[in-house]
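Visitor: The primary structure of each chain is shown beneath.
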Amino acid sequence: MTALVANLRQAFAALALVALTMSLYPVAAQQPKSVDPTASAVSEQQLLQQFKTIQGRGSIPDVKSYTIEQPAGRDWRHFHEVTLRWIGAIAILGILAVLVIFYLLRGMMRIESGRSGQTILRFNAAERFVHWMTATCFIILALSGLNITFGKPLLLPLMSPETFTAWSEWAKYAHNYLSFPFTLGVILIFFTWIAGNIPNRVDVEWFRRGGGMIGHDHPPAYRFNGGQKLIYWIVVLGGSAIAVSGYLLMFPFYGTDIQTMQNAEMAHGVIAMLFIAAMLGHIYIGTIGMEGAFEAMGEGTVDINWAKEHHNLWLEQEGARASPDRSLQHPATTPGE
Amino acid sequence: MARMKFLCDADRCIECNACVTACKNEHEVPWGINRRRVVTINDGKPGERSVSMACMHCTDAPCQAVCPVNAFYTTADGVVLHSKDICIGCGYCFYACPFGAPQYPRVGNFGSRGKMDKCTYCAGGPEPDGSMAEFEKYGANRLAEGKLPLCAEMCSTKSLLAGDGEIIAQIYKERVAKRGYGSGAWGWKTAYRETVTS
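These protein sequence lines map, in sequence, to chains A and B. Its first residue numbered 0, the first sequence is counted upward by one per residue in numbering that gives the first Met the number 0. Its first residue numbered 0, the second sequence is counted upward by one per residue in numbering that gives the first Met the number 0.
Since the hints were made in silico from the structure, they are not lab data. Take these hints with a grain of salt, some might be off.
Where chain A lies over chain B, by a calculated footprint (3+ residues, C-beta under 8 Å) [said to hold, decoys possible]:
id, segment
1, 93 to 102
2, 140 to 148
3, 182 to 195
Which residues of chain B face chain A? A partial, calculated answer using Cβ under 7 Å [what the hints assert, rightly or not]:
id, residue
4, Ile13
5, Asn16
6, Ala17
7, Thr20
8, Lys23
9, Pro29
10, Thr39
11, Ile40
12, Asn41
13, Pro45
14, Arg48
15, Met52
16, Ile85
17, Cys89
Source: prediction; values computed, not measured. Cβ atoms here follow ideal geometry from the backbone N, Cα and C, with glycine treated the same way.
Based on the sequences and whatever the hints tell you, model everything.
Guide: In structure tokens:
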């Protein structure tokens, strides 16, 4: 029975085919003799114009290897080898030049009324710890980071490639692992000093008078003046941006593709160069730029006369808060709270 | 002097992955790293094409340019090689490479990455040719023995061509002229700033 049905079906199919061929014969004669196998083929040029990368499907487990072409690396190369070096050189050498000229013209800013011998607590031990933890990390991160951008042209010619590699590898590990205490420091800095760093009208006045940097002006300031608030926000915002972009690079392909990582590297590099330049200014004013400033982060106390000249409103607050039976040397609470 | 290049004739590649396997075996490439891979574009659709891709040994190679420790060097044959003793595993060559060639044994391990590994055009590394140290780091050095890369040598359809750029471009042009079509030398414009036109 089954065989009969199959035979019938075959016979019917053959008949139908004959009929079809006969009816189509004149049309078939006009069709091209060969087909173009590339008629709908993908073209490299077209794919690159459309998507900027060429991706497909492969048979190995490594999914990122399915991208076979991404010419954007050429642009990133130009950024890393040329643009970033210019940005870094201009930012860092520029700020150094400004600081040297400023120092030669102005010298160290003295406490104009001399030291009173009386001191007041400015930063307690916890605050100083947070500052120096972050600062130490920052310096090592900055030097090891600059090595990636400027090490090849500046350091490599001075030593053997093996020595440079040993140093660079050590620097890379330091850069990766010290990012954790640095990021923690940025977070702690944010919470520790946020209270005193909200911009207000006093800062406008402070900036209008150039922070008193020229001449012998002393614009009023609370615990943090306009310039210090600027540094605070550079550290908090710049530090956050640099941490985020850095971690994207430390954990490749965790939610990123190669373009994201190229962009992250560009952001990381540019912010780092500007950050380093800003911190050079911060280091200058905190050390040789101003008498009595380093003590604030050193021993934690400042001279009363220094406080009067640079943070008069803060000193008044502290004086008002200190109970009458206590001297100014031992304020009851942490300043600025 | 020859200028060594790869050329994948995508109209001939049948996606058999023999080049991938040959490469892994010849160089005893570690688990998780593939110096060569075959990728199919528009897989399953009309006009799909498969391309075998590895390091293209670029002219003025971007990896070499961005390496912060100068681990790369280009041989007289135009082959881009690197020293695993100099590499610090920073990942920059990977950001710069247009073909995703550099790979690292420890990606994601707090950025330590390990020493970069990539296609050597079967030409080893800076160690003495054919030495054990060279084999352990980079795999076989066929070029020093007068042989071409194994992936291309054993390609069953001769889709993947390796050898002097001018010669393989000529072979490809003749093929295109004879069969009447060709989807071009994939990656050549990006790698060598030139295309093969017939």
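Visitor: Against chain A, with CB atoms and a cut of 7 Å, does the hint on asparagine 41 of chain B hold up?
Guide: 5 Å, holds
Visitor: Against chain A, with CB atoms and a cut of 7 Å, does the hint on isoleucine 13 of chain B hold up?
Guide: 13 Å, violated
Visitor: Taking the least C-beta to C-beta distance, is cysteine 89 of chain B closer than 7 Å to chain A?
Guide: 6 Å, holds
Visitor: Using the nearest Cβ pair, does asparagine 16 of chain B come within less than 7 Å of chain A?
Guide: Holds: closest Cβ of chain A sits about 6 Å from asparagine 16 of chain B, inside 7 Å.
Visitor: Count residues of the segment 182 to 195 of chain B with a Cβ under 8 Å from any Cβ of chain A, then say if the count reaches three.
Guide: holds (count 6)
Visitor: Quick check on threonine 20 of chain B please, does its C-beta sit within 7 Å of some C-beta on chain A?
Guide: Check failed: Cβ of threonine 20 of chain B comes no nearer than 10 Å to chain A, outside 7 Å.
Visitor: Holds or violated: threonine 39 of chain B as interface residue toward chain A, Cβ cutoff 7 Å?
Guide: Constraint on threonine 39 of chain B satisfied, holds at 5 Å.
Visitor: With a cut-off of 7 Å, does the beta carbon of alanine 17 of chain B approach a beta carbon of chain A closely enough for the hint to hold?
Guide: 12 Å, violated
Visitor: Answer holds if the nearest beta-carbon of chain A is closer than 7 Å to that of isoleucine 85 of chain B; otherwise answer violated.
Guide: Where the cut-off is 7 Å and the nearest Cβ of chain A is about 5 Å from isoleucine 85 of chain B, the hint holds.
Visitor: Are there three or more residues in the segment 140 to 148 of chain B whose C-beta lies closer than 8 Å to some C-beta of chain A?
Guide: Contact hint for the segment 140 to 148 of chain B vs chain A: violated, 0 residues under 8 Å.
Visitor: Report holds or violated for chain A covering the segment 93 to 102 of chain B, Cβ cut-off 8 Å, minimum 3 residues.
Guide: holds (count 7)
Visitor: Is the shortest C-beta separation between proline 29 of chain B and chain A less than 7 Å?
Guide: 13 Å, violated
Checked against the numbered hints given earlier, the structure breaks hints 2, 4, 6, 7, 8 and 9 and satisfies all the rest.
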